[in-house]
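Protein chains in written order, with the numbering used here: chain F, 1 to 360; chain Y, 1 to 204; chain A, 1 to 320.
Any given hint could turn out to be false.
Facing chain F, according to a computed beta carbon distance under 10 Å, are these residues of chain Y, among others [unchecked claim]:
(1) T8
(2) Y15
(3) P17
(4) K21
(5) V141
(6) Q145
(7) V147
(8) T153
(9) E154
(10) S155
(11) K162
(12) L168
(13) Y176
(14) R178
With the C-beta cut set under 8 Å, the calculated list includes, among others, these residues of chain Y facing chain F [said to hold, decoys possible]:
(15) I9
(16) R10
(17) A98
(18) G130
(19) Q133
(20) H148
(21) I152
(22) S177
(23) R179
(24) E191
(25) V196
Hints are computed from structural coordinates only; laboratory data are not their basis. In this text, a Cβ means the ideal position worked out from N, Cα and C, and glycines have one as well.
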Amino acid sequence: MSLDFKPDFSPGAFNDFFRDETFRNDFTYRNSPQNIRRFPFPFDRDDYMYSVNMEPHVPGRKGTAFEHILDVDEHYVAEMLDRAKVLDDDPLRCQSLPHMTLAGWDLLELIMEAKARDYPHWFSLTKNGNRWHWVNRPLGIEQTFTFLDESTLPYGPFEYITRQTQGDFSLQDERDNDLWMDAGMITSQADWSLDFDIGMSFMEWHAPVPLAHEKGVFDRALKFLLKLQHGAPVRRFNWTMTVNPLLDTAPETYPVWGPTKASLTPENLGRKQHLRVELQSLYRLPRSNAIAFDIRCYLASFDEIATVPKWARRLHRVVRDLPEELATYKGFIRNRPAMVEWLSKHDDGAPTLPGWWPDD
Amino acid sequence: MLTPVTPTIRSRPVYAPLEPKPGRLHLMVADGEGADALIDLLGKVNDRSQMLALAHVMYTPGPNGTDRSDALKALGVAQFFRAPTIPALLPRLIKVLADAYMGTQFYLAGTEGLIGQTEREIMATGFPVGAIQKEHRGSTVRRVQCVHCKGITESVATDPFKCSHCGLNLFVRDHYSRRIAAFQGVNIDAEDPGLVPEPVVKFT
Amino acid sequence: MSGGAKLQVVVDQVVPVNDLITRFRFVSRDGSPLPAFSGGAHTVVEMDDHGVRRLNPYSLMSDPEDRSGYEISVRRDDQGRGGSLFMHRHVKPGMEMTLSYPVNLFPLDSRAKKHLMISGGIGITPFLAQIAQLTHFGGRFELHYAARNRALGAYMDRLTSAHPDRVHCYFDEEKQAIDLNRILSNQPIGTHLYVCGPKGMINWVLATAEAMGWPRLALHHEEFLAPGTGLPFAVHLAASGKTITVGTTQSLLEAMEAAGVDAPYLCRGGACGQCETNVQKCDGTILHRDHWLSPEEHAEGRKIMPCVSRFEGKTLVIDR
Numbered sequence: 001m002s003l004d005f006k007p008d009f010s011p012g013a014f015n016d017f018f019r020d021e022t023f024r025n026d027f028t029y030r031n032s033p034q035n036i037r038r039f040p041f042p043f044d045r046d047d048y049m050y051s052v053n054m055e056p057h058v059p060g061r062k063g064t065a066f067e068h069i070l071d072v073d074e075h076y077v078a079e080m081l082d083r084a085k086v087l088d089d090d091p092l093r094c095q096s097l098p099h100m101t102l103a104g105w106d107l108l109e110l111i112m113e114a115k116a117r118d119y120p121h122w123f124s125l126t127k128n129g130n131r132w133h134w135v136n137r138p139l140g141i142e143q144t145f146t147f148l149d150e151s152t153l154p155y156g157p158f159e160y161i162t163r164q165t166q167g168d169f170s171l172q173d174e175r176d177n178d179l180w181m182d183a184g185m186i187t188s189q190a191d192w193s194l195d196f197d198i199g200m201s202f203m204e205w206h207a208p209v210p211l212a213h214e215k216g217v218f219d220r221a222l223k224f225l226l227k228l229q230h231g232a233p234v235r236r237f238n239w240t241m242t243v244n245p246l247l248d249t250a251p252e253t254y255p256v257w258g259p260t261k262a263s264l265t266p267e268n269l270g271r272k273q274h275l276r277v278e279l280q281s282l283y284r285l286p287r288s289n290a291i292a293f294d295i296r297c298y299l300a301s302f303d304e305i306a307t308v309p310k311w312a313r314r315l316h317r318v319v320r321d322l323p324e325e326l327a328t329y330k331g332f333i334r335n336r337p338a339m340v341e342w343l344s345k346h347d348d349g350a351p352t353l354p355g356w357w358p359d360d
Numbered sequence: 001m002l003t004p005v006t007p008t009i010r011s012r013p014v015y016a017p018l019e020p021k022p023g024r025l026h027l028m029v030a031d032g033e034g035a036d037a038l039i040d041l042l043g044k045v046n047d048r049s050q051m052l053a054l055a056h057v058m059y060t061p062g063p064n065g066t067d068r069s070d071a072l073k074a075l076g077v078a079q080f081f082r083a084p085t086i087p088a089l090l091p092r093l094i095k096v097l098a099d100a101y102m103g104t105q106f107y108l109a110g111t112e113g114l115i116g117q118t119e120r121e122i123m124a125t126g127f128p129v130g131a132i133q134k135e136h137r138g139s140t141v142r143r144v145q146c147v148h149c150k151g152i153t154e155s156v157a158t159d160p161f162k163c164s165h166c167g168l169n170l171f172v173r174d175h176y177s178r179r180i181a182a183f184q185g186v187n188i189d190a191e192d193p194g195l196v197p198e199p200v201v202k203f204t
Numbered sequence: 001m002s003g004g005a006k007l008q009v010v011v012d013q014v015v016p017v018n019d020l021i022t023r024f025r026f027v028s029r030d031g032s033p034l035p036a037f038s039g040g041a042h043t044v045v046e047m048d049d050h051g052v053r054r055l056n057p058y059s060l061m062s063d064p065e066d067r068s069g070y071e072i073s074v075r076r077d078d079q080g081r082g083g084s085l086f087m088h089r090h091v092k093p094g095m096e097m098t099l100s101y102p103v104n105l106f107p108l109d110s111r112a113k114k115h116l117m118i119s120g121g122i123g124i125t126p127f128l129a130q131i132a133q134l135t136h137f138g139g140r141f142e143l144h145y146a147a148r149n150r151a152l153g154a155y156m157d158r159l160t161s162a163h164p165d166r167v168h169c170y171f172d173e174e175k176q177a178i179d180l181n182r183i184l185s186n187q188p189i190g191t192h193l194y195v196c197g198p199k200g201m202i203n204w205v206l207a208t209a210e211a212m213g214w215p216r217l218a219l220h221h222e223e224f225l226a227p228g229t230g231l232p233f234a235v236h237l238a239a240s241g242k243t244i245t246v247g248t249t250q251s252l253l254e255a256m257e258a259a260g261v262d263a264p265y266l267c268r269g270g271a272c273g274q275c276e277t278n279v280q281k282c283d284g285t286i287l288h289r290d291h292w293l294s295p296e297e298h299a300e301g302r303k304i305m306p307c308v309s310r311f312e313g314k315t316l317v318i319d320r
């Protein structure tokens, strides 16, 4: 048994919706014009500071990345192929401690039910008691299995379903009035190591983030999450910068991608410099009482962002005025001057309207 | 005296003086100068005979050679075991844990390497980590895991240092993993290969 | 943001188990499966008791994997505020009710080598669900269950026949008592202890375990404090701009809800912290009855838990 994808990129397949593109080597990743306007631009005002800023994770504005609980976009197939490559190179990017298998089943149920409900033309789930039949048309997968019986799937339930779902996932076990990061599928993280961090408590895992601890951001976040209820998921945003549309910016491979930060020039900056937005959603899981944390990553180049005038102005102001510690922690202090220089050409100084939608 | 440790980031472990607590077995594990913490612990008890009769001490010399076995043996604990090194001590600890009952108190003292590797075995039983007492004494040299090759370099004293497995130059973070019982080392010259600062002795 | 997501159910069965305890079974109104849950979870049952809105938490005792229905057992309390009486007297099959999604404030520790359960009376209910869960997914457990007599020992037969080696029952009237010292001496490292029952039993078990060297983090208990009764008092709600009076058998939380103020809650029993409210002005004494705030916070008097605590004095102004 294995999980072989049989994607179909032939002309006309899925109405040519899914892009055949790369997140490494030649970096052919691009957003279509429609997808640029769906981009979850994270700044609703001209400056930025950390906050917990949780809101209910409910279906939102149609035609945006918020329309469904789990967003499947034009990059779905290419992202899953890239994830499979990352895992081939380094299987330690997906781990689940032994007591987390039940939580893995909870997550599998959540994702399969959401996708079959919201994208019935691409995914289907039929249940006959605990005998389930799952079809993932974009990846060419068809699987009959017994829910709660690991021996009927090619991988543990957590790895099986996250190999088919955009976004990094971690599962937090609640015990000792704390949350412990005891499972993870982390192939597109912004520079932290799953293998090192797995098993850590909430504060330990978030320890390296500067400033936020002094402001009590994580104390409040932990208190809030301990009260998270099944049936009432929440979400928030995080962002950083990446050179090249590289999803896999893990510390493990830092010697490989680290040097590329020095490769920016004024000529290539617009194409190579990407704003990387994490749409983070959190769900209480029913049987395990664990919390699932989905870190869904969206990438847009500065060229693509500049096609939306409001975003171009705002991004310039945010990057220019960000405290130095934040820019350092987010890893782009070195290139900030060049980024600000480039962005300033797209900022005519006009006022920007509050909110993050492109038009209003 | 307790080895001072500057609390930096919240994954950096912090320690506290050992306090006697009620129990049916007092399991004490120490290396090097940690022996003094055990001696001080017993000094806090009014009637030591009861605690001594329920105490099992497991000890190994410290990374700088300090060996206080004689002082510990002289205490008169019910069981005393000396191992030459930490790896030689652990199999016995694992067996003791397999036979132990709830009501056992754990006291760990000495280097972070000793504390971390024994704490990990205790946690594996399902015992809550917050209830394990730990006092840092003696050497501050660190176990550091290279995030790139996953190899652990023992007794790291300088920052940066060379990974003893893959040879990369690594800077030492305060980010610590209990599961791995080590601090994290990250390649220091990734963005500018070859530009490595002079190693500074930071841990002794 | 009050109690979060809700389940629309209909009462499927009402079964008197003995003189004091009645079991209720709920199924979803539209026939869809109810959410699975984790053993130890409770649901908050909404009641319209002749114009008085009550929300009472009850542990889910049914098998968490049985999504066809939820079961709770309610012990009739003639001296109480009326919630259990309402359930016993007025809830009938076919009646439509609203439940909260399951909330778990008494979960099993997933890394525990063994689960040691001690229960008294109606406190058996969360363990029924937890034992069902452990039976499905594996895990060692041992249950000690005390009741006044055999008739009042609800579900003992069901448990002892399913798990003869692991369930031990004790009847007060037959002079059988849990030998706590012996039981607590025999548990392997990594065992976690869970106790649910009358307040006195909980205090006895926890104190004995701590004295024997068990760490607090391995001791878990659940006790739903009934909000209790007391003299009426007035409260000014600064954020809403309203002044309300809390009645004798009404909690401050219920009084706020009756006044249309949507205050957060989860357990409604003084344990979870969700309803924590800032006190802006206090000219009098706050009667803290919760298990959430620290002794320092109780003394400081700048916070109150409206689900169970009360006030006596001249003025209380809170941030709701």
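(message) Would the hint on Y/V147 be counted as holding, given a Cβ-Cβ threshold of 10 Å to chain F?
(response) This interface hint holds because 5 Å falls under the 10 Å limit.
(message) Holds or violated: the hint that Y/R10 contacts chain F, with Cβ atoms closer than 8 Å.
(response) OK, holds: Y/R10 within 8 Å of chain F, min 4 Å.
(request) With chain F as the partner, please determine if Y/S177 meets the hint condition of a C-beta pair closer than 8 Å. (result) holds (5 Å)
(message) Does Y/T153 hold up as a contact with chain F if the rule is Cβ-Cβ below 10 Å?
(response) violated (15 Å)
(request) Identify whether the interface hint at Y/Y176 stands, where standing means a beta carbon of chain F within less than 10 Å of its own. (result) This interface hint holds because 8 Å falls under the 10 Å limit.
(message) Does Y/G130 hold up as a contact with chain F if the rule is Cβ-Cβ below 8 Å?
(response) holds (6 Å)
(message) Checking hints one by one. Is Y/I152 an interface residue toward chain F, by the C-beta closer than 8 Å rule?
(response) violated (11 Å)
(request) Would you settle whether the hint for Y/P17 is holds or violated, based on the nearest Cβ-Cβ distance to chain F being less than 10 Å? (result) violated (22 Å)
(request) Would you settle whether the hint for Y/L168 is holds or violated, based on the nearest Cβ-Cβ distance to chain F being less than 10 Å? (result) holds (7 Å)
(request) Classify the hint on Y/R178 as holds or violated, based on whether any CB of chain F lies nearer than 10 Å to its CB. (result) Nearest chain F Cβ about 7 Å off; hint holds.
(message) So, as I understand it, the hint says Y/Q133 touches chain F; can you test that by seeing if any CB pair is closer than 8 Å?
(response) Violated. Min distance 16 Å.
(message) Y/A98 was flagged as interface toward chain F. Is the shortest Cβ-Cβ separation under 8 Å?
(response) violated (18 Å)
Violated hints for the displayed structure, listed by number in ascending order: 2, 3, 4, 5, 8, 9, 10, 11, 17, 19, 21 and 25.
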